[in-house]
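A.B. asks: Below, each chain spelled out in residue letters.
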Amino acid sequence: MKMYRVVEIERIRQEARNVKTFRFADDSSPLPGQFYMIWIPGVDEFPMSISYTGALKGFTVKKIGRGTSRMHDLEPGDKIWIRGPYGRGFHIDKRRKSLVVGGGSGMATLGPLIEEIKGDVIIAARTKEELIFTERFSHLNPWIATDDGSAGFKGYATDLARKLVEEREYDIIYACGPEQMIKGLVDLAFERDIDIQVSLERLMKCGIGICDSCSINGYRVCVDGPVFFKEELKNMDELGKVRRGWSGKREVVR
Amino acid sequence: MLYVEINGIGFHNPLILASGILDESGDTMKRIASLGAGGLVTKSVGIKERQGYPNPVIYELPNGMGLLNAIGLANPGIDSFEEEIHLALDSGVPVIGSIFGADEEEFAYLAKKMEEYGVNAVELNLSCPHAKGYGMEIGVDPDLVESIVKEVKGRVNIPVWAKLTPNTHRIVEIAKSAENADALVLINTVKGMVIDVDARMPVLSNGFGGLSGPCIKPIGVRAVYEVSSEVDVPVIGVGGITTGKDVLEYIMAGAMAVEIGTAIYLRGIDVFRKIEKELKDWLLKNEIKSITELVGVAQRR
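Chains as they are written, first to last, in this note's numbering: chain A, 49 to 302; chain B, 6 to 306.
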């Protein structure tokens, strides 16, 4: 039972074009990969993964819809309503050599994970202006990839990951980002026999595992995920192909 | 021990997934059947694709009392639902297609489509408490209920179940008007509202919603008790069933089987397995060979 509580935004930071981080105090104890439902009364309620754990928590929010756009208008001192944390987070084994791949705002979900593991990090985006957390993790010398080549490796995150996997040894890949990127990494993990955990995103209504909106091959992203393991991903043939719209109708994933 | 038969359809246990919970996707329904459900009722489907309400559509009551929801009959439309039905039928347990319409003709059309898709029965949603022009707004009018049931019965050969609302003082009268159906399903959610005092507004975007979970169980048990002694068709109990003992309460009140939804939220997706075990343990301990022996035993005669 996760009741709403009202939290005050203490700090806001512009991370990239259309991406801001909102810091707030809340005494819940989320695991990396878990998410909350954010309610802005009279506007919308939407799921958001935690990007900073600890006492001063954070949501790193990309402006994509009604709720997230209103969130971007908020200022320090403004309030939001949250319930959570929800879902299954990453299972972390600090001894394993990891490759973390974050595409676009998918990096938001991976932030707390990166703080707990050892290995390499790829921060990827379509273009330089959309890269996030390059400063936060500058001490780790992250690999950078942009589709247009405006910073770092020119090309997709999956291409850079493939290159790194061939040159270096990894026990596990952790990923979050566009679904085609995730699909590519899942295929790579099976091909190279590397373990993998990915955080998936689907349209979500209830957040508590009853409405079926976010289900993928019978798995509920909100409760069974959002983090899925290799054995579950094996038979997930809707990955990168099918999702559901607000009505529940099947749609093609682009 | 738990096998029941309703309208000639066999259920390996009387624990059926209720409409509106994890039944939009055929794959999810299959999973729930594999985790112990004796039958599956689909999400309510209408003529056309319908978006339902914006978020918030759900509110979690404190202390496991239940949920308040107003999804708003979101559905992909009957023409897009055939694939989900076929997947659900793969599970091997009976599938009941839930439908909602604005009048006799819409209900009859949808029922026919569901029959073509291969469902074992249809359930008429005459009871959703939060969609204008549908559900409960139709289901509180005994004459309209009677004529919808009659029209659907005349158009399909599969059993027709009517799911009724508790949001009325005339529940027996409405049940009698629906007696042409092959079974009655009681109850749907109870119309309610929650206001967030910090926001100074209702939490649900629709304002009103339907209350479900343990807090409504006594209302459901009462409705089943009142109705089952007055009608000659099987009654299926719904409302707040979370444990094996809750099932027994409904059965003893007069239900032949039950539908379960919110308990998935409270006890996990394998709740059907858990309840099945609790039921078996109780029946063994009390030396009952078949759960059907207990139907209506609590009725004062």
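No lab work stands behind these hints: they were computed from the structure.
Worth double-checking, as some hints may not be accurate.
Capping the alpha-carbon separation at 27 Å, the derived lysine-lysine pairs in DSS-like fashion look like this [what the hints assert, rightly or not]:
no. : chain 1 : residue 1 : chain 2 : residue 2
1   : A       : K50       : B       : K196
2   : B       : K196      : A       : K289
3   : A       : K289      : B       : K35
4   : B       : K137      : B       : K35
5   : A       : K202      : A       : K142
6   : B       : K35       : A       : K297
7   : B       : K196      : B       : K53
A.B. asks: Each of the hints needs a verdict: does it hold here or not?
C.D. replies: Against the structure, the hints come out as follows:
| no. | hint | result |
| --- | --- | --- |
| 1 | K50(A) with K196(B) | holds, 22 Å |
| 2 | K196(B) with K289(A) | violated, 38 Å |
| 3 | K289(A) with K35(B) | holds, 20 Å |
| 4 | K137(B) with K35(B) | violated, 31 Å |
| 5 | K202(A) with K142(A) | violated, 30 Å |
| 6 | K35(B) with K297(A) | holds, 18 Å |
| 7 | K196(B) with K53(B) | holds, 25 Å |
In the structure shown, a violation is registered for the earlier hints numbered 2, 4 and 5, in ascending order.
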